[in-house]
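Q: In order, the protein sequences belong to chains A and B. For what it's worth, our numbering labels the leading residue of the first sequence as 1, then goes sequentially. For what it's worth, our numbering labels the leading residue of the second sequence as 1001, then goes sequentially.
Calculated from the structure, these hints are not laboratory results. Given the structure is predicted, the values throughout are model-derived calculations rather than measurements. Think of the CB as a built atom: it goes at the ideal place given N, C-alpha and C, for glycine as much as any other residue. Misleading hints may appear alongside valid ones.
Stated by the list, open to error - The list that follows gives simulated cross-link-like pairs (lysine-lysine, PhoX-like), each with its CA atoms no further than 20 Å apart:
1) A/17 - A/82
2) A/136 - A/189
3) A/70 - A/48
4) B/1039 - A/115
5) A/48 - B/1221
6) A/66 - A/28
7) A/11 - A/66
8) A/17 - A/48
9) A/246 - A/227
10) A/17 - B/1221
11) A/28 - A/206
12) A/28 - A/74
13) A/119 - A/136
14) A/136 - B/1039
15) A/74 - B/1221
Unchecked claim - What follows is a list of derived Cβ distance ranges for each label pair:
16) B/1012 - A/9: 46 to 52 Å
17) B/1233 - A/175: 25 to 31 Å
18) B/1223 - A/143: 42 to 48 Å
19) B/1223 - A/21: 49 to 55 Å
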Amino acid sequence: MEYVIEVENLKKSFGNKEVLRGISLKIKAGESYVVIGGSGSGKSVLIKCILGLIEPDGGIIKINGKDTSKMSQKELFKARLKCGVLYQGGALFDSLNVIDNVSFGLIYGYGMSQKEAYKIAIEKLESVDLDESVAKIYPAELSGGMSKRVALARAIATDPSIIFFDEPTTGLDPITSGTINDLIVRCTKEMGISAVSITHDINSLKHISDRVGLLFNGSFIWEGTNKELMSTDNPYVVQFINGNAKGPFTEK
Amino acid sequence: MILDRIGRLFISFLASIGNLTLFSIKSLAAGFMPPYYWKQILGQAVQIGYFSLPVVGMTALFTGMAMTLQCYAGFSEFTAENAIPSVVMIAMTRELGPVLAALMVAGRLGASMTAEIGTMKVTEQIDALTTLSVNSYKYLVFPRILTGTLLLPFLVFIDDVIGILGGYLVGVYYLNFNAANYIRNTFESMATWDIVSGLIKGAVFGFVICLMGCYQGYSSKGGAEGVGRATTNSVVASSIMILLLDGILTFVLF
């Protein structure tokens, strides 16, 4: 079985607080894996550790079969080009317009000429249902939904094999959320990109996931497929999905 | 209890020095390795060298004018007015030029660097740079440090010239000095080392302002409030460092 991401016994603490307690995770090529869990359960830390933005205290992370801890800085940067990230707030560069944002990785990462990179950037904008008319607009002038689309176009511009979605629908209205969900599904199903997502949005979860992992206190307490998620009687999952105030999550 | 607190403060001070040193090594090491981001370097050069000119020039002009007036008030009691052009020349080139230019740049640019980089940090734009395979130290920090170190001496030189010109304007047009005598006295007291030492100070101050501005931006945490706090820290720390280093450099250079 070919895995794009393999995480074994990943540990991370901040001071005395143990955020990740020996997490293991394997994601297959073309699979959409969604991590769910309460606030502060370690979801973002997990993604940041995989991306090398936070150094873990222990464990092994492999991207496309290569151990990231054994990679040189150059190899790590190269590996990151194969990972797209859609940040929660978009994280578009304020000082650059839309086209420069989308073509950024192509110019600085792949060393493409501006002309070549702009051509690809326009194609990527079109693939997220935007067109050339937004190219010269600055991020501050974009609506929430548009800014998420531009961020998605930037994430797929370098033709990544894995995309990380950090709460992709947070702060969006239900219709725009639906559009973003469709775009995520299009990325995974049509483009064959593997996806790791974090979400609190149950609708989005049902829509985009192949497999789901529930993170609680720094460990996965449940893992299963999208179908199993809906039929499981695991009390943690049931409380999370139904949004109940009472249950094992809130018991001390 | 008090010892415990002093100990903690001392350890935290040492940790900050260590972090700042690591930060500067990382930035310089990344910056000197190819590829070079010329567009960023040029952009920062315009920000630091060109857009700082009005504020630096205005400060120098009024300081030169005020100094001439103050000197006149004191020196005229001893009929030593002829020494005024020399005093203005020496004070501007050795001390006031570099220190004033640096303090103005710290207020204007140090603060804006921290605010810009701090906002990028809290909105995950720096993470985005990294995941797009760009070394953020090379892209954001090095161009600022390089242009700050190279261009602050230029601003200091402009500051010196405008300050001396301010003194000349007040001396000749308000205090009725003879223009030719004023200019002769000014040039007679001009020493190359005074000017060069001021430029050296300028380069050191430029490095410190940009390093501190970027470091505080990178250390920002917790949204708008954190960025605001980091901006204040940046200006205060840069200003203190400028005055402290000015004292040390004066001892070393003279």
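Q: Which hints, by number, does the structure contradict?
A: 1, 2, 9, 12, 15, 16, 17, 18 and 19
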